[in-house]
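Can you make the complete structure from the sequences, with help from the hints?
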Amino acid sequence: MQNIETAQGQSTVKRQRRMSSLNRVLKYVLVRGLTLLVTVTIGVYLAILIANGGGYVDEMRKGQIRESISIQMAGNPENAFLTLQERRELEESMVNTQIQQLGLHRPFAVRSFEYLWNGLTLDLGRADYLLSDSGSRQVRAILGERLGPTLILMATGQLILFFSSLALGLVLSRRYGSFLDKLIIALAPTSSAPAWFYGMFFILIFSAVLGWLPFGGMVGAPPPQSTFWRIMSTLKHMILPIAALVLSRLFSGAYSRRTFFLIYSSEDYVEMAKAKGLNDREIERRYVLRPTLPTIITSFMLTIIGLWTGAIVFETVFNWPGIGRLTQQAINMFDTPVIVATTVIYAYLLAATIFLLDIIYALVDPRVKIGGGGRS
Amino acid sequence: MSNRKLTISVLVTILLLALAFSAGAQEKRMGTWVDEVIIVEEPSVTNAVARLQAGDIDVYASTSSEPVPFATILSDPNLDYYQTFGSYSEITWNPVGPTFEDGRFNPFSVRRIREATNWLIDRDYIAQELYGGLALPKATMLNNAYVDYSRVVETARSLEFQYAYDFDLAKQVISEEMMAAGASLQNGKWHYDGKPIEILILARSEDQRSAVGDYLADQLEAIGFTCTVDYRSGSEASPIWMMGDPWQGQWHAYTGGWGAGAVYRDQGHIFDQMYTRRTMSQPLWQALEPIPELDQISEMLYYKRFSTMEERAALYSRALELAFQDSPRIYTVDQISYVPRRAEVTVASDLAQGISSTALWPSTLRRGDEIGGTITIGSQQVLVEPWNPVGGSNWTFDQLPMRATFDRGFISNPFTGNYMPHRIERIEVTVLEGLPVAKEPASDWVTLEFAPEIVVPGDAWLYWDGSLGRMVTVAEKYPEGLTAPRHTVVYYREDLFDTVTWHDGSPYTVGDMLLPTILDYDRGFPESDVFDPAQEASVKTAMNNARGWRIISLDPFVYEVWSQSWYIDAEQNIGDIFAPYYNYGAQPWHTLVLGMMAEMNGELAFTASKANTLGAEWLGYNVGPSLPILDKHLDIAMETNFLPYADFLSQYISEEEIASRYTNAKAWYQEKGHFWIGNGPMYLEKAYPTERMVHLKRYENYSEPADKWSMFDQPRIAEAELSGGTRVRAGQEIRFEVEISFAGEPYELEFIQEVKYIVLDATGSVAISGYATPVADGLFEIVLTGEQTKDLPIGSNTIEAIVLPTLVASATFSAHTFVTLP
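Heads up: the sequence lines are chains C and S, in that order. Each residue of the first sequence is one higher than the last, beginning at 6 in our numbering. Each residue of the second sequence is one higher than the last, beginning at 99 in our numbering.
Derived by calculation from the structure, the hints in this document are not laboratory data. Careful, some of the hints might be misleading.
Calculated cross-link-like contacts (lysine-lysine; reagent style DSBU-like; alpha-carbon spacing at most 30 Å) [unchecked claim]:
| no. | chain 1 | residue 1 | chain 2 | residue 2 |
| --- | --- | --- | --- | --- |
| 1 | S | LYS638 | C | LYS67 |
| 2 | S | LYS537 | S | LYS888 |
| 3 | S | LYS770 | C | LYS241 |
| 4 | S | LYS784 | S | LYS764 |
| 5 | S | LYS784 | C | LYS241 |
| 6 | C | LYS241 | S | LYS854 |
Some chain S residues judged to face chain C by a derived CB distance under 7 Å, without partners named [claimed, not checked]:
| no. | residue |
| --- | --- |
| 7 | ARG149 |
| 8 | SER336 |
| 9 | SER379 |
| 10 | THR639 |
| 11 | SER663 |
| 12 | HIS793 |
Glycine included, C-beta positions come from ideal geometry on N, C-alpha and C.
Written as structure tokens, this is what we have:
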């Protein structure tokens, strides 16, 4: 009887513990989710305020409208037949029509919250000035057209960079102190120059002087009609930017990974594993790589979401039609809906990634537990 | 003759015939020299020059004033360039005062101080050092590349001497005026009410104008002012200097710039725009207090209240003088921009804005003597906004490919700005007596007459009334009768309807002229299905200004138009309904209809503003989401044989024409995948929006020979060398020679309009002026008689020759100094 009660009691305790764990997890998820949502909201609203100069951009836009209409009217000889008052009335009418069509007659404070709500609900709407490459005002279309080229270039480059620096780092950690190790350490400072800087040199050498590779763009002129040759042409156009991207970060990336692996290789538990007589590969897999996995996954995930933003200068140097150049255009033209859309999507991706990473950490790293402070 | 010999003879004959035929075919190359043009995006001029060197592109169509790439072009024998003169820079002063709202003293509220700043800045230094030589010093508002400069050259040159850099004079005048205003110089710094006077300079950050801001600050510091330079982009600065209240004193000086879209023939409106309150409504302009005489003359020039060119020149000259005295803005430099190209490639380039501004670029584009082939053009941007002729893109980057695809009644001369006939055979212009209208001697296609009164007949159409759905006649609107200052009869070429075809194979017809004309008015009527609120005000203005038009003959097409506007060049008193949407391209009536149907259905809109209102897409015939919508409406139009405004247009467009037009458009869309159907020398093969490329191909059915405009492959800007005696005794004769050439060859006399000369004394005053005498091709002679030299001031004098060719608007100057002895 006592055994049964004890068993029931243990079962209840287990259930209570499970419930308690579930509650903790749910509470954690809720609190974390709300925290991230508030962070995203504040971040997006700040982006809206900055993009609009706190409302100053309205004045700039109104000034541009009036300036262009005044100059347009001044150059039209037909207006010479109007009285001064008629000219003024015509100009005011044209200016007011444009101001109303852009919604500039309404206070910025009101519109800023509309931008925020539309952004947070992913109602991306219509751009103020920018058009998609094919001529659409829909922000969804504008971003959609540029996302593909950015992903093709940046994903290829970043993935090559990520895995090659990881592999090279591992190799160097095994050959600590070798000539190759010293060479990579010596080359690591070259990564202080950005990818576009290498890009300019590559263009100079391989395009301008040698004429081997194209200066930029995504495809040859005119674009080949067959899919195969079009892909070949795109690949050819990707060589220089990817080379610049990889070369600019490879040495510092490999160096930091190598240092990282070396630190983990000198942990006590690794020494213990060595003392137990485990072979090198086993030690590397179980005692070095696994503990470093959360950091590597974090780095990988941030690299992946970083693709969304493209790279403004890099895409400009290579004349690549990606999100980075689009963002630059949107900022230059103060196109708030496009700026909000790129910001809010990035913010959501970042928040979701952080949220996911928290959970993944718990799965892959036994040292991390969710909430409560208790130890199981 | 044996069979063998016969065979050989036949073969030889065939060969000779083939050779002759092929030679003949070469002579008859129509449309364009090249087969294909590819326009690619290249935002950076530095990269563009590298790509030109590598042969990756052949021409870079965007203008630039960056000195470093220019140096590369000059040093590379494989590269060459065209020059443009369309942009200029200035310094605008905040003229309000004497004090701002907060009590700070504004030195530039004093007219004499503003005038003295002309002496304060060294325009040669700005041009050579700050603009790296890619600019010419500019003192007056006139650009010497335009014809108005040569019309008043004596005054202009005299004023340039008078207001040349003189730091000491500037300092002296400004000091006098500052003292008179109550300011004091303490420890080398100007003070007012015991506080130092701080000058706020708003400098544009995008280009060399930021350096001009620094230079201006240095010069003002040197005469005792404390300066702060605030660097801002155009859009950041606009709310401060242009839209802001000048009385708040947020700025004292702004380094501005202006551009011309074309080679101006008449800049009479500029004074009104720059010096009075009338043209521009912004707070800065409303704060101007022009010298009353300048205000009055500006208005007279704007409204063309003069009856002779001499009277106009006198008004103009006086306005220039007063403009210096008023100086709410002072001019710094005319920028010289360049259009880079490979040396073996030639193409027409407009003197104001380069290749993209001239309709002649496709016809003149050629690689050496090559026939056929492909030329790649780089452009700073490609496919910026949707193309539609009603309210589509007017970006110069879109105009470049667009201009190749549609034809015109007349062509604007890229070097002189005057008009030349193309599909128009001739025009008869009648203007009121007393108006100073004249035509060029070579313009035999223009007949000019003067009449004491020009009465508009009652049955002439005035405009399309969208509320009534019909044309309104002059008699309806003006039962008391109507007169106009100008009447033009336009005779189109007899072969117009036989030779002009749209790219989809449809023949050009009267419907292509009438539908755009109706649509233009209809969009301004709230009752219309295609009403656009943004058009209402301007359509009302157009209706009030309309003076009537009437078709005289349908084939050959002849029509007459009466107008309130008139131009001093008879050639420009033209009305062309062949290409009504001149700035935005052209479309046949049957594709315009598709756009109208889509707009009526709320799916697309011709203008960006209406698209915003409807929440619809902006209509683009070339690429994008509009195309499937247009195709859908094409199917509907084909089913119903739809014709808008059928009550009116069915008189001109037959049922058969309607059906065949839609069938042609369908076949075109199925083959090319777009609806940009033009009638120019090239057609749009395909636009690549993401890759930012446009592929154009030669239109083989284009009727005009490829060499029709070959004389415009490069501007024949004259080079002049003035030489002669170096000393003369007062009362004795002295001779000078003006050698005029182009590319080392003497300039033909028939292409030189005139060679003026002016003799300036040491103070910059014009002592003598006159015209040189032609001697031979490339040679003119100037003789100063004893009568003339006896009144010359003793000492150093400068004689300047001003050469004005007929082939370009740009005058060429050459100077020579001589000494007059007692």
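- Any hints from earlier that this structure breaks? Give me their numbers in increasing order, please. Failing hints, ascending: 2 and 6.
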